[in-house]
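So the chains spell out like this:
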Amino acid sequence: MQWESWSAFWQMGGAAPFVWGSYGITALLVAGELIMVMHRRKDALRRLLRLRRARAGGGSGRRAFEEIVE
Amino acid sequence: MMKEMKRPERGKSLFRFAAPQLFYPLAGALAPWFAGAAAVLTIIGLWLAFFVAPTDAQQGEVYRVIFIHVPAAWMSMFVYLIMAFWSAVGLVMNTRLSFMMARALAPTGAMFCVVALVTGALWGKPTWGAYWVWDARLTSQLLLLFLYFGFMALTEAIEDPRRADKAGAIIALVGAVNVPIIYFSVKWWNTLHQGASVSLTKAPSMAATMLAGMLVMALASWAYTIAVTLWRVRPLILERERHAEWVAAELDALEGRI
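Line by line, the protein sequences are chains A and B. Add 63 to the 1-based position in the first sequence for the working numbering, that's all there is to it. Add 10 to the 1-based position in the second sequence for the working numbering, that's all there is to it.
Hints in this document: simulated from the structure, not taken from any laboratory. We put the beta carbon where it would ideally sit given N, CA and C, even for glycine.
Label pairs and their computed distance ranges (CB to CB):
1) A:A79 <-> B:Q68: 15 to 21 Å
2) A:I88 <-> B:I53: 16 to 22 Å
3) A:L97 <-> B:K197: 33 to 39 Å
These stretches of chain B come out as covered by chain A in the derived footprint (C-beta under 8 Å, 3 or more residues):
4) 57–67
5) 74–88
6) 112–122
7) 130–144
8) 245–255
9) 259–266
Whenever a hint applies, use it, and build me the whole structure from the sequences.
Here it is in structure tokens:
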């Protein structure tokens with residue numbers, strides 16, 4: 064163990080803003096990327112489902128869609 | 011999958027995963043395992059970084075930034091090379107999935123590039139007295155970020171997916187020249203940035219526990235990159251293959267759940 068106390072740990076020998084800033088920004092970027100990936104997945108799936116419903120919905124669109132499915 | 015594609019001698023059967031229809035469920039099945047591995051490795055890596063690795067004799071505690079800075083910088087270069095590799099495969103073999111992989115990798119590569127630049131700046135201020143200097147290492151790393159942005163902007167901007175793929179592939183391949191420039195910049199030019207921390211030919215210049223922490227964090231970054239790329243490529247596959255029968259079946263199963 065490197066630290067005499069928890070407060071010494073958080074102070075990082077006086078470099079706290081730089082060390083915790085680095086780790087904090089990285090954590091935010093990773094979390095942001097994960098949220099974006101999930102968001103884009105939902106967006107894409109919603110769009111595809113909407114497209115499919117529109118095709119299944121009416122007239123020539125329906126026939127075109129059934130050609131795709133069968 | 012990435013490794014398997016490079017080893018045809020293990021049987022042509024692995025090439026079947028180049029088919030989006032087979033790769034889609036494979037990616038879905040593998041991603042959580044890589045994400046889990048990334049989480050476990052990050053916990054081990056952070057424990058080594060903060061509770062096992064000693065205080066650096068010269069730099070004090072601020073050096074602990076390297077446990078994310080170095081793995082992030084490595085990943086930003088690796089990911090670009092893998093992007094260039096998939097782009098080359100796509101151009102030569104005309105495989106759609108290769109281009110989708112290149113596109114799915116780019117944002118994660120760019121993210122690691124930003125992490126490397128920001129953590130480098132936060133380390134540089136107390137150590138060098140400046141957040142930024144225009145030395146060869148920092149400048150070529152910044153260029154890498156612009157190459158990622160260029161790739162993403164270009165592939166998003168071109169409507170026709172096949173043309174977008176080809177244009178992106180050209181940026182990826184031409185830009186790959188920059189990666190060895192980044193890596194060797196500290197040797198070729200007199201940079202303020204220090205030389206390589208880890209070398210295959212020299213004995214490590216740092217404490218074994220520091221090295222271990224850095225390598226575990228690097229493995230965590232690999233696992234994270236694979237998981238996120240697989241998650242990102244899945245909806246891309248569905249969008250690009252939306253006229254295929256299997257995608258319709260896949261969407262049937264998703265109806266009402268999204």
